[in-house]
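J.: Spelled out from the first residue to the last, the chains are:
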Amino acid sequence: MKNNLVSLSDVSFAYSEDKPILKSINLEIEQGKITAIMGGSGSGKTTVLRLISGQITANSGISRVFGQDMANLSKKDVLKLRQKLGMLFQFGALFTDMTVAENVAFPLIENTNLPISIIHKMVAMKLEAVGLTGTQEMAPNELSGGMARRVALARAIALDPELMLYDEPFTGLDPISLNITAMLIKKLNDNLGQTAVLVSHDIEATMKIADYVYFMANGEIIDHGTPTEVANTSNPAVRQFIRGELGSSFSYKYPAKNGYEYYLGRN
Amino acid sequence: MKRSMIDFWVGIFVLIGITSMVFLSLKVANITSFGSTNNSSYTLYANFSNIGSLKSGAPVKISGFTVGRVTAIGLNPKTYQAQVVMNIDNNYHFSSDSSAQILTTGLLGEQYVGIQSGADDTMLKNNDTITLTSSAMVLEQLIEKFMTNMNSK
Amino acid sequence: MKNLRKFVEKIGSPFSSFIFMLGELGKLLSMIIVGLGYAIKRPHLIVKEIFFSGVLSILIIAVSGWFVGMVLGLQGYNTLQRFGSVSVLGSLVALALLRELGPVLSAILFASRAGSGITAEIGLMKATEQLDAMDVMAVNPVKRVIAPKFIGGIIAVPLLTALFDSSGILGGHFVGVTLLQLDKGTFWSQMQGSVSLHDDVINGLIKAAIFGVVVSLISVYQGLQAKPTAEGVSSATTRTVVHSALAVLALDFVLTAFMF
Numbered sequence: 001m002k003n004n005l006v007s008l009s010d011v012s013f014a015y016s017e018d019k020p021i022l023k024s025i026n027l028e029i030e031q032g033k034i035t036a037i038m039g040g041s042g043s044g045k046t047t048v049l050r051l052i053s054g055q056i057t058a059n060s061g062i063s064r065v066f067g068q069d070m071a072n073l074s075k076k077d078v079l080k081l082r083q084k085l086g087m088l089f090q091f092g093a094l095f096t097d098m099t100v101a102e103n104v105a106f107p108l109i110e111n112t113n114l115p116i117s118i119i120h121k122m123v124a125m126k127l128e129a130v131g132l133t134g135t136q137e138m139a140p141n142e143l144s145g146g147m148a149r150r151v152a153l154a155r156a157i158a159l160d161p162e163l164m165l166y167d168e169p170f171t172g173l174d175p176i177s178l179n180i181t182a183m184l185i186k187k188l189n190d191n192l193g194q195t196a197v198l199v200s201h202d203i204e205a206t207m208k209i210a211d212y213v214y215f216m217a218n219g220e221i222i223d224h225g226t227p228t229e230v231a232n233t234s235n236p237a238v239r240q241f242i243r244g245e246l247g248s249s250f251s252y253k254y255p256a257k258n259g260y261e262y263y264l265g266r267n
Numbered sequence: 268m269k270r271s272m273i274d275f276w277v278g279i280f281v282l283i284g285i286t287s288m289v290f291l292s293l294k295v296a297n298i299t300s301f302g303s304t305n306n307s308s309y310t311l312y313a314n315f316s317n318i319g320s321l322k323s324g325a326p327v328k329i330s331g332f333t334v335g336r337v338t339a340i341g342l343n344p345k346t347y348q349a350q351v352v353m354n355i356d357n358n359y360h361f362s363s364d365s366s367a368q369i370l371t372t373g374l375l376g377e378q379y380v381g382i383q384s385g386a387d388d389t390m391l392k393n394n395d396t397i398t399l400t401s402s403a404m405v406l407e408q409l410i411e412k413f414m415t416n417m418n419s420k
Numbered sequence: 421m422k423n424l425r426k427f428v429e430k431i432g433s434p435f436s437s438f439i440f441m442l443g444e445l446g447k448l449l450s451m452i453i454v455g456l457g458y459a460i461k462r463p464h465l466i467v468k469e470i471f472f473s474g475v476l477s478i479l480i481i482a483v484s485g486w487f488v489g490m491v492l493g494l495q496g497y498n499t500l501q502r503f504g505s506v507s508v509l510g511s512l513v514a515l516a517l518l519r520e521l522g523p524v525l526s527a528i529l530f531a532s533r534a535g536s537g538i539t540a541e542i543g544l545m546k547a548t549e550q551l552d553a554m555d556v557m558a559v560n561p562v563k564r565v566i567a568p569k570f571i572g573g574i575i576a577v578p579l580l581t582a583l584f585d586s587s588g589i590l591g592g593h594f595v596g597v598t599l600l601q602l603d604k605g606t607f608w609s610q611m612q613g614s615v616s617l618h619d620d621v622i623n624g625l626i627k628a629a630i631f632g633v634v635v636s637l638i639s640v641y642q643g644l645q646a647k648p649t650a651e652g653v654s655s656a657t658t659r660t661v662v663h664s665a666l667a668v669l670a671l672d673f674v675l676t677a678f679m680f
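Chains as they are written, first to last, in our numbering: chain A, 1 to 267; chain B, 268 to 420; chain C, 421 to 680.
Hints in this document: simulated from the structure, not taken from any laboratory. No incorrect hints appear here.
Result set (BS3-like, lysine-lysine): computed pairs, CA atoms no more than 30 Å apart in a straight line: (1) A/76 with C/447; (2) C/461 with B/269; (3) A/19 with A/75; (4) A/33 with A/23; (5) C/461 with A/75; (6) C/468 with C/447; (7) C/468 with A/80; (8) B/322 with B/345; (9) A/33 with A/76; (10) A/76 with C/647; (11) A/84 with A/187; (12) B/322 with C/604; (13) C/647 with A/75; (14) A/76 with C/461; (15) A/80 with C/461; (16) A/23 with C/647; (17) A/33 with A/75; (18) C/447 with A/80; (19) A/19 with C/430; (20) A/121 with C/461; (21) B/328 with C/604; (22) C/647 with C/430; (23) C/468 with A/76; (24) C/468 with B/269; (25) A/19 with C/422; (26) A/186 with A/33.
Whole structure, please, built from the sequences with the hints as guidance.
T.: The structure is reproduced here in structure tokens:
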């Protein structure tokens, strides 16, 4: 298992003690593959991404990214590590006070000492890769949702990262934009050999492009395998999720809290 | 907005701010009259038995015309008199028998040092002391005097 | 007994949260100071912030100053007339503006005009994950976003205060000399006679600079603190204005006691 870019073993995480978000997660991400993490809202998928990017650190367990134990990294090492990974945020997270070209140039200007003429060329290249050459001088609020997502993708790949993290890349896109985005993710993976972690709850698009799928629910991994394996799984919760059925396995009721009862009892 | 446009407006803003500061220092605070170390002025001393509420920075006037400013006020520990240090414009010189008086603009206005020139031919030089002085008019003392006069009548 | 304890806790909790907030502000300030070098090396970022917080506040500051000066002139005239000392109207207007009204009102206007904008912008950047995105791109948002806004505020407030003072004095001059026919020479010479450059002008601007630090710090802090929702951002902007006004007024008392 040497060529695993990311490996989490027995990783737990909680913002506050009484509300665990991740419970003993075991997860391996193989180099050059697209690994998808699927699950309902609030299952802890995005938290896994934040662990990998070093925005948060695990409470227990070992998380290795690029073979380095995240718990032992200094702040400087984390910054160095982040230059090797790109992240696409849920709604793009473009900087609204900059133009499209400035957005794409941002990581290049901040993290390299390249002369401005080369940065110009690289920005043009990256925008061409996502098919948006003509948008350079536009402001992010002039772009459609799908275009903004692609600009954000161009920005995320500006430094040619070895590892790409996609946080809900398909949310809020029309079917065409969704397919374009999925195709781009696949293309980047094929052409550049980029490793990708894809967090999504869009079954169709994810199953199409992923090489390996993890299913999460309530902070635990309930199933994993290749898309075909997962599609024919016997796990009722996963089957329910894939088909979008209402049923007993996924509860949509949030349990009442003590505080709530306390207020009721007081009156 | 283009960066050059932003630069332009910020430049204008800074200019407005600095102009305002210059206006405040020159026109409002009158920085020019604070040239205490100015070469074209000399220092005179005067001892008063009561300076009232005279403050440093108060004008020194002759015939109502400002010729200098009070720069410091101290106490002579032997005579228990207040010593007033004045900076006088070099263009104006007074005879050595000039007298100094503490006067008030209006009934309740600020106090200043008034100088009356004498007739002597020798002039006061730098660091000389004006010996003929009369103290500030203190309202309480005036009223007291007035009352005792009334009573004795 | 239990109720008594609850009661004491209720009294205590605002104090402890206030002290907690002071600690957070101090932590943020130290992080910003670490980031100052980064921001100074990128002057265009600071210039842009001065544009948004300073240039766009010129009009409101100048107009407010003008009206405050006119009111001072009018009220001062009515009051001084009773004592027959309208001649000191100029120094009254100038001293009131330079020492107190200029710095305090400029800072409060700045908080509501620019500070709330800074809070909203940072809050929205946080809500739309822009700060996270920056962080993941190995760029510290405190250095890149917060520090320039902070420096911009510190530069803008004293300049705006000087503008407010000048505009107010001209407003007082307009009422006193142009409308009420006081002698122009008396107005200015009385003012010049009683206003000291160091005690009044410079101390007033030092006050303004300190207010600039406080208001800017509160603005960026509230932006970072804001819950990433529309409601969170809007209540954070409100808090910026309220906390800034309170902090400026309280601090003004302390500074006045020390300075004048």
